[in-house]
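Chemist: Start from the sequences and build out the full structure, keeping to the hints where you can.
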Amino acid sequence: MRANPKDVFTGAYYIDGDVSSAYGAAAAGCKFIGGYPITPSTEAFEAFVRRAHQVGAISIQMEDELGSIASVIGASWAGKKAMTITSGPGFSLMMENIGLGAMLETPFVVLNIQRGGPSTGLPTLTGQADMMQSRWGSHGDYEIITIAPDSPQEMFDYTVKAFNLSEKYRCPVMIMSDECVGHMTEKVVIPSADKIEVEPRRFYKGDKDKYIPFPVDNLVPPMVKAGDGYKLHLTGLAHDEKGYPLLTQNSKVKTQNANTRRLVDKIRLNVDKIIELKEDGIDDAEIIVVSYGITSRVAIRGIEMARAKGIKVGSLRLVTVWPFPEKKITELANKVKAFVVPEINYGQIVFEVERCAYGKANIVLVPHGGGSVHNPDDIFHAIEYAAKERKNVDGIIEQKTNLYSLIFEKEYKLHG
Amino acid sequence: MPNSPELWVINLNRMFEIKFAGYGGQGLIRSGVIVGKAASIYDNKFSTMNQSFGPEARGGACSSQLLVSETKVLYPYVTKLDILVAMSREAYEKFEPELKDTGMLIYDSDLVKLKKMRPKIKLYPIPATRFAEELGNRIIANVVMLGFFTAITKVVSKQAMEKAIPDSVPERFKDLNLKAFNKGFQHEKQIPKIPKFQNS
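Chains as they are written, first to last, in our numbering: chain A, 1 to 416; chain B, 1001 to 1200.
Any given hint could turn out to be false.
To be verified - Here are the simulated SDA-like pairs of lysine to any residue, each with C-alpha atoms no more than 20 Å apart in a straight line:
#1 A/Lys208 to A/Asp228
#2 A/Lys266 to A/Lys327
#3 B/Lys1072 to A/Val319
#4 B/Lys1072 to A/Ala12
#5 A/Lys337 to A/Ala308
#6 B/Lys1072 to A/Gly281
#7 A/Lys278 to B/Lys1072
#8 A/Lys327 to A/Asp280
#9 B/Lys1163 to A/Thr10
#10 A/Lys254 to A/Val264
#11 B/Lys1072 to A/Pro376
#12 B/Lys1072 to A/Asp280
#13 A/Lys242 to A/Tyr211
#14 B/Lys1080 to A/Ser372
#15 B/Lys1100 to A/Pro376
#16 A/Lys168 to A/Asp265
#17 B/Lys1072 to A/Met305
#18 A/Lys278 to B/Tyr1075
#19 A/Lys337 to A/Asp284
#20 B/Lys1163 to A/Val189
#21 B/Lys1080 to A/Pro376
#22 B/Lys1072 to A/Arg307
#23 B/Lys1183 to B/Pro1166
#24 B/Lys1072 to A/Gln153
#25 A/Lys278 to B/Leu1074
#26 A/Lys278 to A/Glu326
#27 B/Lys1072 to A/Arg301
#28 A/Lys254 to A/Asn218
#29 A/Lys309 to B/Tyr1075
Derived by calculation from the structure, the hints in this document are not laboratory data.
Modeler: Pasting the structure below:
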């Protein structure tokens, strides 16, 4: 289906990533945002609020992030596409209800403009340390889709895509951007509505008595909305196909297995359709730089420096970080000498790369505590280091960066 | 390119790293947005703008950093500046070391007192704040500066700037802003054709 022309602010803009994402949400048909302002994501919320009347959308500043995400789940079950916008600490507060959203197979989008952490951390500066949280933050078993854009233009494009994926697979989709992209101003071209593909909500239209909300044989069943007259029971408890929690232990075990299996399978069986990667020069590469979000742009300079020295470096950019491209990494691990993984944290996605490399390639982590992006020199040095002949596979080798040697010249003391 | 051939010859990849710096409230982030918009939307080049964010944007040393390029901007941050536009002494002292040895310094001659400079840095003074006060509102000093910046550097075209400025200011101030822009643009004729070096 094409986007509604009323929702699309066609034109060329010079705006930052936050604003671009809000326009993307509008274009995708988002009609509800429940949020609580938090730097550095506030601009996105503001931009949506300013345009909400034009697209007939509602935006509510809730009392806190717990309320925000709960309102988004409610809006989604009322039949509207919904989103919440937050950053690190707010994202932590939303975790419980993101699990509820996954359990109830609710489509919605969470935009997280990551900042430095833990806790209040660096409100105005960047970080990429919520990547594992986006996947594993809520308790219990579920699969999630996470997208990491790297420019304001991509913030528009991938916000639309996030809505489409969430409708298609009925699951929460996270846009894990970061402060750098959120506050970076670049040209954003919003195409006309007939060039934007949007996934409409699939509604059940059958007999009112025969409606089964969570059928075991359908991974992504159609939804109904509040007020349509269907009998519907939604609960966070493990529920049977009609949505009711069960009382005996045997039936609980059975439904739990049937139900959570579906939450996992609907993503795992479709990974090839969901995963999006951007590759550059990986065919004859002996080193691959695996990166995502803003770091992928910074890595380009490191890669160029290494190529100028004659090192064969390829770049694998994870546009969708979760589900993780396991097959691709395994396939590459058989061919290349090493993976270099720069990220603005002390190692998150690098563990996934290591897991999928099965000990067949070296893994070099280029960590950064947050607050700024990497110095491209650090990524270049890591590539240079990885390119030296190494026979043993040592697991993850943490590359000492310039920043590290600047601050920690002496050894740590463990006690006193 | 006329008038500042050195800047263009040295820049083989046609990538300019620019910083607008001064006090918070002088409209420096807006300046970055206007030049970026002119370059990327009306001149069909590529540009990326990053701004200082947080308490410093509301007073104290504030800056916006801008990359303007003929090709797609990959690495989005400035490393060594081609052009520094300084609108306060504090900003000048803070960011002058980031200038390339052959860079350009455009500064408000009433507000910035120069220290000893590296020999090849080209200096372009303009009393932008005084001009703005003469036009009736000191708030448009940054636009006077933008006029001068456009005339000197040719990083963006005058036509593009004349489209970008009305886009970025409130309706009732459009004429005043364009007047301020032209005032700055004309000032280029007042300065010597050969750029001024401190030791010459």
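Chemist: Please go over all the hints and tell whether each is borne out by the structure.
Modeler: These are the hints, each one checked on the structure:
| no. | hint | result |
| --- | --- | --- |
| 1 | A/Lys208 to A/Asp228 | 9 Å, holds |
| 2 | A/Lys266 to A/Lys327 | 18 Å, holds |
| 3 | B/Lys1072 to A/Val319 | 19 Å, holds |
| 4 | B/Lys1072 to A/Ala12 | 16 Å, holds |
| 5 | A/Lys337 to A/Ala308 | 19 Å, holds |
| 6 | B/Lys1072 to A/Gly281 | 18 Å, holds |
| 7 | A/Lys278 to B/Lys1072 | 17 Å, holds |
| 8 | A/Lys327 to A/Asp280 | 18 Å, holds |
| 9 | B/Lys1163 to A/Thr10 | 19 Å, holds |
| 10 | A/Lys254 to A/Val264 | 16 Å, holds |
| 11 | B/Lys1072 to A/Pro376 | 18 Å, holds |
| 12 | B/Lys1072 to A/Asp280 | 16 Å, holds |
| 13 | A/Lys242 to A/Tyr211 | 8 Å, holds |
| 14 | B/Lys1080 to A/Ser372 | 17 Å, holds |
| 15 | B/Lys1100 to A/Pro376 | 19 Å, holds |
| 16 | A/Lys168 to A/Asp265 | 14 Å, holds |
| 17 | B/Lys1072 to A/Met305 | 18 Å, holds |
| 18 | A/Lys278 to B/Tyr1075 | 17 Å, holds |
| 19 | A/Lys337 to A/Asp284 | 11 Å, holds |
| 20 | B/Lys1163 to A/Val189 | 18 Å, holds |
| 21 | B/Lys1080 to A/Pro376 | 14 Å, holds |
| 22 | B/Lys1072 to A/Arg307 | 19 Å, holds |
| 23 | B/Lys1183 to B/Pro1166 | 16 Å, holds |
| 24 | B/Lys1072 to A/Gln153 | 12 Å, holds |
| 25 | A/Lys278 to B/Leu1074 | 15 Å, holds |
| 26 | A/Lys278 to A/Glu326 | 15 Å, holds |
| 27 | B/Lys1072 to A/Arg301 | 13 Å, holds |
| 28 | A/Lys254 to A/Asn218 | 17 Å, holds |
| 29 | A/Lys309 to B/Tyr1075 | 19 Å, holds |
Checked against the numbered hints above, the structure breaks none of them.
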